Amino acid sequence: MGCLKIFEDTLTKKPYCTDDFSTGIAPRIKSIAVKKRHIQPNGPTHLRWLTFDIDQPASGLLWDDAGLPAPNLTIMNPANGHSHYLYLLDTPVRTAIDGNPKPIKYAAAVQTAMRSRLNADPGYCGLIAKNPLNAHWKTKIWTDRAYSLGDLADYLDLSEKAANRERFDNYGLGRNCNIFNDLREYAYSAIRQASGFEQFHSDCFAYALNLNVALTSPLLLSEIKAIAKSVARWTYANFDKSKFSALQAERGSLKGKDKRDQGIEMLKSGYSAREIAEALSVSDRTIRNWKK
1 MGCLKIFEDT LTKKPYCTDD FSTGIAPRIK SIAVKKRHIQ PNGPTHLRWL
51 TFDIDQPASG LLWDDAGLPA PNLTIMNPAN GHSHYLYLLD TPVRTAIDGN
101 PKPIKYAAAV QTAMRSRLNA DPGYCGLIAK NPLNAHWKTK IWTDRAYSLG
151 DLADYLDLSE KAANRERFDN YGLGRNCNIF NDLREYAYSA IRQASGFEQF
201 HSDCFAYALN LNVALTSPLL LSEIKAIAKS VARWTYANFD KSKFSALQAE
251 RGSLKGKDKR DQGIEMLKSG YSAREIAEAL SVSDRTIRNW KK
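For the sequence shown, position 164 (counting from the first letter as 1) is numbered 164 according to my numbering, and the numbering increases by one without interruption.
Bear in mind the hints are in silico, worked out from the structure with no lab data behind them.
Computed from a predicted model, the values in this text were never measured in an experiment.
Just so you know, not all the hints are guaranteed correct.
[Stated by the list, open to error] In the DSS-like style, the derived pairs of lysine-lysine whose C-alpha atoms are separated by at most 27 Å in a straight line are:
#1 Lys14 x Lys229
#2 Lys35 x Lys102
#3 Lys138 x Lys5
#4 Lys259 x Lys13
#5 Lys35 x Lys13
#6 Lys140 x Lys14
#7 Lys30 x Lys225
#8 Lys13 x Lys30
#9 Lys225 x Lys14
#10 Lys102 x Lys259
#11 Lys102 x Lys229
#12 Lys291 x Lys259
#13 Lys140 x Lys13
#14 Lys225 x Lys35
#15 Lys30 x Lys102
#16 Lys5 x Lys35
#17 Lys291 x Lys13
#18 Lys138 x Lys13
#19 Lys30 x Lys138
#20 Lys225 x Lys102
#21 Lys138 x Lys14
#22 Lys291 x Lys102
#23 Lys140 x Lys35
#24 Lys30 x Lys14
[What the hints assert, rightly or not] Per label pair, the in silico range of CB-to-CB distance:
#25 Leu221 x Thr45: 16 to 24 Å
#26 Asp65 x Asn289: 53 to 61 Å
#27 Tyr236 x Ser283: 21 to 29 Å
#28 Lys13 x Val213: 40 to 48 Å
#29 Ser195 x Ile141: 53 to 61 Å
Ideal placement from N, C-alpha and C gives every residue a C-beta, glycine not left out.
Working from the sequences, and respecting the hints, build out all of it.
Given below as structure tokens:
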């Protein structure tokens, strides 16, 4: 199947779209959205396309100059030569709260390294791209072959440390990762005082907004709403007050020991890495290091 067909078929049911950013963006049914000049390439739960904003004239071949593989699509503005590059992933990365954090971090690391190599706009959030289905743009199909993250990483100097770090540059998916992780830690604490889901969701949204406004290039409000809603729903559904009380009691019994010793004792007692990370206010990666 050609990548343009894949692009159209995999659009969400109501993508965000617009013909003119000065009038804002809004979700529209797909039959209307596909006619707009700008459209949302990825849905709210999966990353299928890596997108880059090349704000340079004659940008169609900069990927070759940068030593990167051909994008599936380049969508160029004929008025100034600026382009969006779209790379199709063979396996979409689940970015919802129940997604595996390892491929999300890997995708963020690949995206960040490619952005740097391409000298792409660091302020581009990736929610909206030039629509390759709209004749206003000069769209070129370079390949229909989908890439794995490993394929793309082969062109990059991507160390294991870079692919597994806890914090990322506040660009693209890295911003989502950082806000998601910070909000998740906050949610574990805030839910203990929440009187119900509505208050808890409101608290999570307010905290996410504060995280976002601190960014040089903030995420769009729609993305913050989606992240806050996902974190609030998952945390509220999975929080077990009785287990938390037992966890706190376990921590109290280990008072006086340093966090590493406490963590090791709690691992021996059968607590999960996430439960220990929550109780001791350390990262999941720290727990993994303690297991070694």
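Is the Cα-Cα distance between Lys225 and Lys102 27 Å or less? Holds, because 23 Å separates the two Cα atoms, which is no more than 27 Å.
Is the Cα-Cα distance between Lys35 and Lys13 27 Å or less? 14 Å, holds
Going straight from one Cα to the other, do Lys291 and Lys13 come out at no more than 27 Å? 44 Å, violated
Confirm or reject the claim that Asp65 and Asn289 have a C-beta distance inside 53 to 61 Å. Violated, since Asp65 and Asn289 (Cβ atoms, about 40 Å apart) do not stay within the stated range.
Beta-carbon spacing of Lys13 to Val213 - inside the hinted bounds 40 to 48 Å or not: Distance hint for Lys13, Val213 is violated at roughly 30 Å.
Mind checking the alpha carbons of Lys259 and Lys13 for me, to see if they're no more than 27 Å apart? 47 Å, violated
Check whether the Cα positions of Lys138 and Lys13 lie no farther apart than 27 Å. It holds: about 25 Å lies between the C-alpha atoms, which stays within 27 Å.
Given hint Lys102 paired with Lys30 - CA-CA distance at most 27 Å: With a Cα-Cα distance of about 31 Å, the restraint between Lys30 and Lys102 is violated, given a limit of 27 Å.
Has the given pair, Lys30 with Lys138, been kept, meaning a C-alpha gap of at most 27 Å? 22 Å, holds
Hint check: Lys14 vs Lys229, CA-CA at most 27 Å. Holds or violated? 18 Å, holds
Check the hint pairing Lys140 with Lys14 against an upper bound of 27 Å on the C-alpha distance. Holds, because 25 Å separates the two Cα atoms, which is no more than 27 Å.
Under the criterion that the straight-line Cα-Cα distance not exceed 27 Å, is the pair Lys102, Lys229 satisfied? Given that 27 Å is the threshold and the Cα spacing comes to 21 Å, the pair holds.
When the structure is compared with the earlier hints, violations turn up for hints 2, 4, 15, 17, 26, 28 and for no others.
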